[in-house]
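Take the sequence shown: its letters are residues 2 to 280, numbered as in the working numbering.
Be a bit skeptical, because a hint or two may be false.
As a list, the in silico DSSO-like pairs of lysine-lysine whose alpha-carbon atoms are at most 30 Å apart [said to hold, decoys possible]:
(1) Lys200 <-> Lys77
(2) Lys194 <-> Lys136
(3) Lys186 <-> Lys237
(4) Lys237 <-> Lys108
(5) Lys105 <-> Lys58
(6) Lys77 <-> Lys221
(7) Lys58 <-> Lys280
(8) Lys280 <-> Lys105
(9) Lys105 <-> Lys195
(10) Lys33 <-> Lys58
(11) Lys200 <-> Lys136
(12) Lys173 <-> Lys58
(13) Lys194 <-> Lys252
(14) Lys252 <-> Lys58
(15) Lys195 <-> Lys221
(16) Lys221 <-> Lys280
(17) Lys237 <-> Lys274
(18) Lys237 <-> Lys280
(19) Lys72 <-> Lys237
(20) Lys186 <-> Lys274
Since the hints were derived computationally from the structure, they do not count as laboratory data.
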Amino acid sequence: MKKIITTGFILATSFLLFNCSSDNSTSPIIEKEYHISSIRQTIFEEEEEAGTTYDIKIEVDYQFNYNNDFKLVDSKNQQLVYINGTFNGELNQHLIHELDTDNKLRKLTVNVNDEEASNYLFNYTNNRLDSYQLKMSHLPMPLQHYFDYNEQNQFIASYITLLESELTYDYKDNTISSFTIDDEKINLNYDNKKNPFEKLPYDCTTLVNNLSFIFPLTYKFSHNMTGWESADGEEKIVIEYQYNEANLPVKATFYSIINTERKMISEVTYAYKIQEIVK
Numbered sequence: 002m003k004k005i006i007t008t009g010f011i012l013a014t015s016f017l018l019f020n021c022s023s024d025n026s027t028s029p030i031i032e033k034e035y036h037i038s039s040i041r042q043t044i045f046e047e048e049e050e051a052g053t054t055y056d057i058k059i060e061v062d063y064q065f066n067y068n069n070d071f072k073l074v075d076s077k078n079q080q081l082v083y084i085n086g087t088f089n090g091e092l093n094q095h096l097i098h099e100l101d102t103d104n105k106l107r108k109l110t111v112n113v114n115d116e117e118a119s120n121y122l123f124n125y126t127n128n129r130l131d132s133y134q135l136k137m138s139h140l141p142m143p144l145q146h147y148f149d150y151n152e153q154n155q156f157i158a159s160y161i162t163l164l165e166s167e168l169t170y171d172y173k174d175n176t177i178s179s180f181t182i183d184d185e186k187i188n189l190n191y192d193n194k195k196n197p198f199e200k201l202p203y204d205c206t207t208l209v210n211n212l213s214f215i216f217p218l219t220y221k222f223s224h225n226m227t228g229w230e231s232a233d234g235e236e237k238i239v240i241e242y243q244y245n246e247a248n249l250p251v252k253a254t255f256y257s258i259i260n261t262e263r264k265m266i267s268e269v270t271y272a273y274k275i276q277e278i279v280k
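With these hints in hand, go ahead and build the complete structure from the sequences.
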């Protein structure tokens, strides 16, 4: 805000300014905190059916809503689907979370078009996630995901009912470096920048990267994934980022690489709200 100061005021205070030149007062330090406010993602897919190829584009708009203390209230996303350039359908999701007394994620409800479609229930022992249950309206029974830990409190194995899938996890520098699902090993790569979801009660990395069920939503990634690849290196996903001055991503481009063929499959842009904190 610009301050308008009259000439008379300047003259009247000039004596004070000269005589206060030895004042040791310092200006307050203002720190900026960045909070993810929205994500826009475009996904490109191609499907073939009965000899016909369909080009599918999915536009997803995520919105994160905060209270005055910058605590997440809820999040919403809208998904628009186009097939061969023609609008095909719309899906609206509303994610409502509940925390326990230790501020850990206890429940996450997902409403689709204003009706409950699924909900997650998270179970902890000594602040460690033991399992979560996922109820989905279109399935007759819930999915359960159980976790086993090592002495460092890192989950190293899990089992998913319904899917009947077993997973194991390897770590490097306290970060998951690879996982194996049903005997297929996938290696993970990261940057050294900040995860935009680190302040949220659930990490949206798995949602944006389409890795649902591999990692629990409560797992906080230290950095951003720059891709993953099969153990033989023949198939991989590469993610290229652009960052802001706070080392947070503002744009990500996903490429699928099979042998030597490189194809863009997704684009993501990130926007932030800035909180100024006076020190």
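Hint-by-hint comparison with the structure:
1. Lys200 <-> Lys77: holds (17 Å)
2. Lys194 <-> Lys136: With Cα atoms ~34 Å apart, Lys194 and Lys136 exceed 30 Å; violated.
3. Lys186 <-> Lys237: holds (12 Å)
4. Lys237 <-> Lys108: violated (33 Å)
5. Lys105 <-> Lys58: violated (35 Å)
6. Lys77 <-> Lys221: Distance of about 20 Å is within 30 Å: holds.
7. Lys58 <-> Lys280: Violated - the C-alpha atoms of Lys280 and Lys58 are around 46 Å apart, more than 30 Å.
8. Lys280 <-> Lys105: holds (28 Å)
9. Lys105 <-> Lys195: It holds: about 21 Å lies between the C-alpha atoms, which stays within 30 Å.
10. Lys33 <-> Lys58: violated (36 Å)
11. Lys200 <-> Lys136: holds (26 Å)
12. Lys173 <-> Lys58: violated (36 Å)
13. Lys194 <-> Lys252: It holds: about 13 Å lies between the C-alpha atoms, which stays within 30 Å.
14. Lys252 <-> Lys58: Distance ~18 Å between Lys252 and Lys58 Cα, so the pair holds.
15. Lys195 <-> Lys221: Given that 30 Å is the threshold and the Cα spacing comes to 11 Å, the pair holds.
16. Lys221 <-> Lys280: holds (27 Å)
17. Lys237 <-> Lys274: Roughly 33 Å between the alpha carbons, so the hint for Lys237 and Lys274 is violated.
18. Lys237 <-> Lys280: violated (45 Å)
19. Lys72 <-> Lys237: Violated. Lys72 to Lys237 sits at ~36 Å, over the 30 Å cutoff.
20. Lys186 <-> Lys274: Distance of about 38 Å is beyond 30 Å: violated.
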